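Please work from the sequences and hints to get the whole structure.
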Amino acid sequence: MNDTSVLQKKEDRVVIGMSFGYHDSSCCVIKNGEVLAAVHEERFSRVKNDKSFPRQSLRYCLGYADVSIDEVDCIAYYEDAQKKLARQIWMGTIDDADPFRRKEVYRHICEQKPEDTIRDITGYSGHIEISEHHLSHAASAYYFSGFDDAAVLTVDGVGEWATTSYSRAEGNGLSIFEEVNFPDSIGLLYSTITSFLGFKVNSGEYKVMGLAPYGRPVYKDKILSLIELKEKGQYSLNMDYFDFLNTNRMYSDKLIELMGIEPRKPESELDQIHMDVAKSLQVALEEILLEKVNYLYDQVPSDNLCMAGGVALNCVANGRILREGPYKNLFVQPASGDAGTALGAAAIAWVGLFGERPKQKDTPHAYLGTEASSDEIHNLLMNSGVKFSDYRGNEEELAKFVASRIAEGAVIGWFQGRMEFGPRALGARSILADPRLGNMRDKINSLVKMREAFRPFAPAVMAEKASEHFALTAPSPFMLQTCDVESLIDLPAITHVDNSARVQTVSKEANPRFHRLLSEFDAITDCPIILNTSFNVRGEPVVRTPLDAVTCFVRASIDYLVLGDFIISQADIPEMWKVGVSNTPIKKDKDPRAIGHAVYTFL
Amino acid sequence: MSSNESKKRLAAELADKVYSEGNDFAQLLAFTGLLNTENKDASLSSVDSLNKDLIGVWKKQPETGSFVRDMAQSADWNYWAQQPVLNMEKAGKRVVLVGESVARGMLYDPSYTPAQVLSHMLNSQQGADEVEVIDLARTNANINILEEVVASCRQLSPDAIVIFAGNNWVGNRAYLNSVDNSYDISDSIKQDGIKGLRTRLTEALNSEVESFIDKVNSHDATANTEIYWVVPEFNLGDWRDPHINVHWLEGKGDNEKWLSLKHEAESLHGSGEFKASIECAKKMLELDKGDCSATAYILADCHQELGEYDLQRQYLEMARDAAIVDLTRSYTPRITNDIRNIVKVKSAQYDNKLIDLREVFSERFEKVIPGRELFLDYCHLTSTGIRTAMAEVACEISLSMLGKERTAKQFIENAPVVNAKDEADAHLLAAIHNAHWGQSFDVVSYYCKEAVDKSKDVLQIMKLFVEIQNKRLPIWMNNSLSEALDDISPQVKRYLFSMGTNCLDQLLFDAFSTCCSQHDIQLDSYLSKIQNSQHTVGNLDKINLLDPYFHSTSFSETQLIEGGANNRNDYYKAYMASSQFCFFTDAEREQQLKVTLKLVNQLKNEQRVFIKINGQVVEKVLASNEWKSCHITLPKKLLVAGINYVQLEWPEQILNANEHLERICSDINGQLVPEIYPIYGNVFSLEVC
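Protein chains in written order, with the numbering used here: chain A, 1 to 603; chain B, 1001 to 1689.
Rather than coming from a laboratory, the hints here were simulated on the basis of the structure.
In this text the structure is predicted, and so the values were computed from the model without any measurement.
Built from N, CA and C at the ideal position, the CB exists for glycine as well.
Hints should not be assumed to be uniformly reliable.
Under the rule of at most 25 Å between Cα atoms (straight-line distance), these lysine-lysine pairs were calculated in the BS3-like manner [what the hints assert, rightly or not]:
#1 K1493/B <-> K578/A
#2 K1008/B <-> K230/A
#3 K83/A <-> K1017/B
#4 K113/A <-> K1008/B
#5 K1275/B <-> K1252/B
#6 K230/A <-> K1007/B
#7 K1059/B <-> K587/A
#8 K1463/B <-> K387/A
#9 K1007/B <-> K103/A
#10 K1008/B <-> K83/A
#11 K578/A <-> K207/A
Residues of chain A placed beyond 12 Å of chain B at every Cβ, according to the derived structure [stated by the list, open to error]:
#12 F177
#13 K200
#14 I227
#15 Q234
#16 L258
#17 E356
#18 K359
#19 K508
So the derived label-pair ranges between C-beta atoms look like this [said to hold, decoys possible]:
#20 F354/A <-> E1256/B: 43 to 53 Å
#21 S1533/B <-> P364/A: 33 to 43 Å
#22 A1075/B <-> R392/A: 20 to 30 Å
Put into structure tokens, the structure is as follows:
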């Protein structure tokens, strides 16, 4: 017996990227220059915005890449914890900082360093590379943008100290040349008004964006008075209106005074004034960003702009930047929030280790997560004894059946292939419906997703027919910009009150089965567009496994569930499934892995 | 530079200090108390923040004043008695029963509960409806929940509160998570090793129990309510905690010495030399100071063989109580001698009544060591146990509250009995529960047999359970269960629906098969068919043998559920010199095994991990303290159709206790769960395909 079975260090180059500790933990793997897998931990743990170490994500990434932990060249972490600790300590020294904040400082200085956490949890003894937060964001956008050079803008609440960064990128090189530092933060401005409007900080920001089209920008000047735009890329917040430095609340009494209205109580009625505030905030944000993008162009006059950071998830602003800004091309990282920093950190480590940019320069799709084989789904259904239809080897019939049901007004749970990376459902874990039906938005919002009535839904459209219906200037495969609806078809379920829509263009190459479904729907209805929203209900992460999908399908009373090649009808599910699901609660915020919502988590 | 900028620079310097000098620096700052770290508000007792409109899951109705089950807490309803309303109006005397699962009558509830039995006993003696017994016992109740229930149930104006609890108190780890305590604990460990840890944990627990008893009585001065404590007993006769070697010992070479003594003691016991084995085990005891159940079990077994039952009991109690230091593994609820003694002493100070089930069972059954006749598992009582315990409570209440003297025997004679089907179901569930906590085939078989003896209907549930465990679906998706639902008792439904995880259950299924074959039901062939269809390599892409399904049938041994045995390390830990995993194959082709492993301790020299398939060595992996992966071909000739076993035999290593004790202290200071047991090796992944 000898030791020949022991694997020799393979020729493969493997870098793991990780984000954890604050919100939206994630993990990705780059093997031989290709991004093979990237996943959010919340999809495994079922804890929304899970901040815990991405244990299950790591195991998935290693398994998908077919590498062992000892074959990993480097684990890259997305943030400089020491710099962040300095900021957190500083916050504890501020006059009148509340006791909670001071106590948090102690917790921060005692907690395990990310590097130690990685080693403690995984037993990994290899190289660990730490990158700064905004550089990770910037790298996540640039290195996978498909551009050879670009200007990069990152905007979020706060990382270590930086809240906004301006970079130039060319070839392998990416460098930040200017930053705006905490507490001056466009992201925190947005989060503060989000909180003022009674939505959860860290997760309710996109609701504000959805609410904005219902309002008028009558508070725009007041909101702009909260921020002073300065020379170059700089700006500052007037801290008299913000309390997040001193208390466990985002806004101050002076902001209430300035706005002249009471902050909205969470879950209370939404009035026109709340919509007006949302609209004012949205317009203010767009104007601020446009000015800073123009500044960035002065410094980096490329054709290409890359964006990342939580604020880059504001697709309305992105659309305006592309339409009115100086750059010809815009790439927004699909996982623009902190989950995407795992990708950026991995890319930075890759360049540092191997002296070259990752071979994969673009982002052809976002389907980087787990999948379920046809056999696996079949076994699940057979074991359960539920009645189902089997379309294996007959994709055309499957697409026809589903398209017909959608045209008849049915709501479909659509589970296909690998799960999306990033917050948007792009036809792998989606709820689908007919966009032409006037009542569909209300139906899905109230009965299916159990969420606020004002929330808009997005259209997925065959890429080749997108321009017939939407005022798009470029493909929008990741649903990261809005545009006007110009269709001759009445599309009430996906058209916002301001005639805008957040479009996903679906190409045959990126998602053939979803494209086929759209084609079949088009063939039946002359409408190549389907309403597409994420496959989850309020408060839970997007479904990951067939079992998650079944649970959500039952909970949300969706009409049909399409699991790969198989279809289940709501009419056929056993009564015990409903009882079982009703006794399977969605994991709540009190789970220790969940994030807080009173103030921005990073604070 | 502005003062703000100065502060930022200062903050950066401090952060640099923290990072360059490690977490110890920050922790030392904290231990001085200068940082005022503790949130004093959090120390307010649960009673101080009591919601006056709630009693458990029942919410006060403003119109009637009665309490009805609160929809907002519907997820918790199953923990409590199935009682829709708690009425405020009192017809006669009112007794409230508070407690944990033992007081709920777990595995019988709702068909047969201590509250029902007590009510029947009291009323059969006193006349109809003279005494009302309200069941406020709650499964999984910890001391804080009990405190809340005792305080809130005063709204029902009880004449007596019976508190039947104590099993769930030892598992509280909150004490370890306090910055204020951590330095004291680590200081104790530095002085006395793990004994120091136990001392601190025991002190904290004692203080918590004393405080609870004080709070229970603080409400009493004006309430005119009598308090009765029912102190549980433990199934010393049959219950065995899963085996573990001794924790880290302080002296150089002591861990190796202890292992050597253990080997010798077990060998002597095996050859019937019980006195010599005792001498050997006592040397082990000198080293582990009574904090390791393995030593105590050897001593107990030897004294049993010698007919020395008082000594046997003493060591069984020692084994039971040693679990307090087992911080990383799950162990079952239990009452320790310390808790028992405190309840006895403290309740006497307040003139509370006390029913000590240890004494009650000992007197009634004239046995030093109670076992399966009174217990369904570690602490939950059989119907005989319930009747015996409640008769004693009824005696006390009858005398004290009603002024009527009756004997326990009189109450038992008039007690309700369980119907055969419910008794069968309780014993079937006991078999499953015991199997899932790693108990022996003998014990599991006993409960299976008792179940079948009571009602043959359980044979069908056994078959159903085989399907449930093998199909690995959520229970609510199981079609066979759905079809059988109308014929299944509420207690079986509740147990199955709340069963968190499933496992291969080989030992349990063997016991089921034995019972079934005695009644001409061939469960073996059904089991084999379903296991092969569901688990055979080849039908599946690959099998992760670290999935607890394939390495453990005991919750105590389960690792890597959502990331680690102690929710910390995301890899398997070998606590013993040999680790075993299993998989199914049709044995018609060779299989591939992929393993990533490492050793944990200092190496003596070149060390190899022996990898065996069904007892045959297939590879000797040169291992180190860093992860190493290898692919191994499992030849067809070594495989068998059906279940196959993979064993990892870990090499001998140098056990450096000082290094590990220091790490334990550091972990405690950092509020991390420390690993107190030596580990032979770790496995990051183990797959067969």
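Broken hints, numbered, in rising order? When the structure is compared with the hints, numbers 5, 11, 22 turn out to be violated.
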